[in-house]
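With chain S fixed as given, assemble chain D onto it according to the hints.
Protein sequence lines, in the order shown, are assigned to chains S and D.
The numbering of the first sequence is the numbering used here, which starts it at 1060 and goes up by one.
The numbering of the second sequence is the numbering used here, which starts it at 745 and goes up by one.
It is worth saying that the hints were derived from the structure and are not from the lab.
Incorrect hints may have been included.
To be verified - Here are the simulated DMTMM-like pairs of lysine to aspartate or glutamate, each with C-alpha atoms no more than 20 Å apart in a straight line:
| hint | chain 1 | residue 1 | chain 2 | residue 2 |
| --- | --- | --- | --- | --- |
| 1 | S | K1243 | D | E861 |
| 2 | S | K1210 | S | D1236 |
| 3 | S | K1210 | S | D1197 |
| 4 | D | K846 | S | D1332 |
| 5 | S | K1468 | D | D752 |
| 6 | S | K1316 | D | D800 |
| 7 | S | K1316 | S | E1137 |
| 8 | S | K1095 | S | D1081 |
| 9 | D | K749 | D | D826 |
| 10 | S | K1243 | D | E798 |
| 11 | S | K1095 | D | D752 |
| 12 | S | K1472 | D | E790 |
| 13 | S | K1316 | D | D801 |
| 14 | S | K1468 | D | D783 |
| 15 | S | K1472 | D | E885 |
| 16 | S | K1095 | S | E1137 |
| 17 | D | K846 | D | D768 |
| 18 | S | K1472 | D | E861 |
| 19 | S | K1468 | S | E1448 |
| 20 | D | K880 | D | E796 |
| 21 | S | K1243 | D | D768 |
| 22 | D | K879 | D | E831 |
| 23 | S | K1468 | D | E861 |
Claimed, not checked - In silico negatives: residues of chain D with every beta carbon more than 12 Å from chain S:
| hint | residue |
| --- | --- |
| 24 | M745 |
| 25 | T747 |
| 26 | H753 |
| 27 | L766 |
| 28 | L784 |
| 29 | F789 |
| 30 | R791 |
| 31 | V829 |
| 32 | L832 |
| 33 | T850 |
| 34 | K868 |
| 35 | L875 |
| 36 | K879 |
| 37 | K880 |
Yeah, the Cβ is synthetic: ideal placement off N, Cα and C, and Gly gets one too.
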Amino acid sequence: MELIKDQANIWRIPKTGGMLVDGLVFASEALMVKAKEDRAIEQVANVAHLPGIVGNSLAMPDIHWGYGFPIGGVAATEVSAGGVVSPGGVGFDIGCGVRLLRSELSEEDLAGKLHELVGALARKVPAGVGGAGLVPVDRAQSQRVLKEGAKWALSEKIGNDEDAEYTEDRGTLAGADPRSVSDKAIERGSRQLGSLGAGNHFLEVQVVDEIFAEAPAQAFGLRLGQVCVMIHTGSRGLGHQVCTEEVRSIDSAMRMKGIQVPDRQLACVPVGDAEGQRYMEAMFAAANFARTNRHVLADAVRDGFSQVFQSSRDARVSTLYDVSHNVAKIESYEVDGTSRELCVHRKGATRSFGPGSPELPDRYREVGQPVLIPGSMGTSSWVAVGSNESARLSFGSTCHGAGRMMSRKAAGKQATGREVEAQLGERGILVRARQIRLLAEEAPYAYKDVDEVIEVCHELGLSKKVAKLRPVAVVKG
Amino acid sequence: MGTFKILDHTADVGFSVKAASLTDLFETAAQAMFSVEYDLSTVGFEREIPLEAEADDIEGLLVSWLSELLFLHDADGFVGGDFIVVELGDTPMRRTGAPAMKIRGTVRGRTIGDWFEQTGPQIKAVTMHGLEVVKKRFRYEATVYLDV
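Next up, chain S with everything else stripped away, as it sits in the complex (with noise of 0.2 Å):
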């Protein structure tokens, strides 16, 4: 496949047989070398067969092989143009993303209650695959959460009025119709709500080590040496079962209309026929679900402070934002200069609105929107900040994290999670696990380098770098 360089972090995939327009991946020249060890370039030239789709077939820097699309998928599609929507360019784990929650604390506070607040917040938080959730919902209640997002657990008084209003959406995601979800899907998910899960979701107790930009940090209340809690997680069985039905149905459904692509993963169908229609129902049905989902935990994470410190200030943990790294959204962007209605897709991509959009809450629009990047464990993490930039070159997109590199056979050929848990530790990294064999696995050497993602983003002006964030405790399913 032909790989052009564009110019600087931009490479070019031009269009050839059923290609409708060409792929667009944004790397550094040692990023492009590990995206063209695996599939996922191919992927991308995949995803611009999709009916319907504008400008690009994107991945952000921290593009790898996916199903269907690549990991780091970008792709828009026209709706009054017959564009379609593709559950695959969601992804199973619909509305799976990132909360960062800071507290008043800094670091110095930890000293000597690390071990104690770690140990409450892996109690709070159920972790691991079986396991019920926080507050496992029943059939009437999962109906509402479904609709109403973090409305529903506020009704129920579970967390606080700031966890919803600093919540892409305001934690509710209009258009979720609960009726397009199936029994099956509540079954597999509602007793869930309120759990982690494994896998790389985690809930990290990180430290500000650096910041970039002084404004946004400001804004976003973080300052050097503060404490912070990140918790990365998603729908849990209730998305992926939405997904796993969605991909037969509208596999059938596409076959009878004609419509073909190279890859099955990619079934889909246009967003204004009925089946695009249920899908986008039951995918934001889903995505309240996972909101609602950290907003419960963060209200945990909440509790376990005031577990450990006595204090009302010291306890204090707020929501500085909640943002999705999988999921499909109708948004208005300018295409050949004419504004048009898009479906994005955003398939391990965070969502990354520049200053003045009014999505965001008053106390951000200033700056723009917190952009909330996980790092490998036991690497940092970032929060930017989201660039008018990104409307343009990204339909306003940017990576979603560090991006593997190394399988997980591979990874767990390194070393065991014994051997991880005690590198970590040298590094002053504190771990607790569910399941420690699986350590191995997420191995930070697994993963490409979230520096050099966060650097691209920034060059190309994706997103701009506001905060590096040093992990000191990991919580793992």
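Chain D only, in chain S's frame:
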């Protein structure tokens, strides 16, 4: 019993299966899937659960069958160690628009607790990426990728 091999994927996991018959292929694929997450020799049998799945074609049927097993795992904490396909083939008296293929089988296994040791990553879903079921001269072969 067929054989299976775990395939490397940067972020996820795949497996390929070889078996003498389609029935065997589906049974072995179920073994392969749960082997990604657990050591099946330690699961043991406590109860047997009947299972059914439908799809438009044979590849889709394999995904549906594995997805049903995954649903049991996620909804009930049930892990299968032994899989038996009772019936597999075209649906009788096809109605227009109804799925063309059907599988019926049973799974024997046990409900596990949170303490049960995982030997590999949690499986979120069965994907259609790179999905293949091929009939060779003397056997069937399949490739499946999982989202983990």
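Each hint tested on the structure:
| no. | hint | result |
| --- | --- | --- |
| 1 | S:K1243 <-> D:E861 | violated (26 Å) |
| 2 | S:K1210 <-> S:D1236 | holds (15 Å) |
| 3 | S:K1210 <-> S:D1197 | holds (17 Å) |
| 4 | D:K846 <-> S:D1332 | violated (28 Å) |
| 5 | S:K1468 <-> D:D752 | holds (7 Å) |
| 6 | S:K1316 <-> D:D800 | holds (15 Å) |
| 7 | S:K1316 <-> S:E1137 | holds (18 Å) |
| 8 | S:K1095 <-> S:D1081 | holds (17 Å) |
| 9 | D:K749 <-> D:D826 | holds (18 Å) |
| 10 | S:K1243 <-> D:E798 | holds (15 Å) |
| 11 | S:K1095 <-> D:D752 | holds (16 Å) |
| 12 | S:K1472 <-> D:E790 | violated (34 Å) |
| 13 | S:K1316 <-> D:D801 | holds (17 Å) |
| 14 | S:K1468 <-> D:D783 | holds (15 Å) |
| 15 | S:K1472 <-> D:E885 | violated (28 Å) |
| 16 | S:K1095 <-> S:E1137 | violated (29 Å) |
| 17 | D:K846 <-> D:D768 | holds (15 Å) |
| 18 | S:K1472 <-> D:E861 | holds (19 Å) |
| 19 | S:K1468 <-> S:E1448 | violated (39 Å) |
| 20 | D:K880 <-> D:E796 | violated (26 Å) |
| 21 | S:K1243 <-> D:D768 | violated (28 Å) |
| 22 | D:K879 <-> D:E831 | holds (18 Å) |
| 23 | S:K1468 <-> D:E861 | holds (17 Å) |
| 24 | M745 | holds (23 Å) |
| 25 | T747 | holds (18 Å) |
| 26 | H753 | violated (6 Å) |
| 27 | L766 | holds (19 Å) |
| 28 | L784 | holds (15 Å) |
| 29 | F789 | holds (19 Å) |
| 30 | R791 | holds (17 Å) |
| 31 | V829 | holds (20 Å) |
| 32 | L832 | holds (18 Å) |
| 33 | T850 | holds (19 Å) |
| 34 | K868 | violated (5 Å) |
| 35 | L875 | violated (6 Å) |
| 36 | K879 | holds (18 Å) |
| 37 | K880 | holds (21 Å) |
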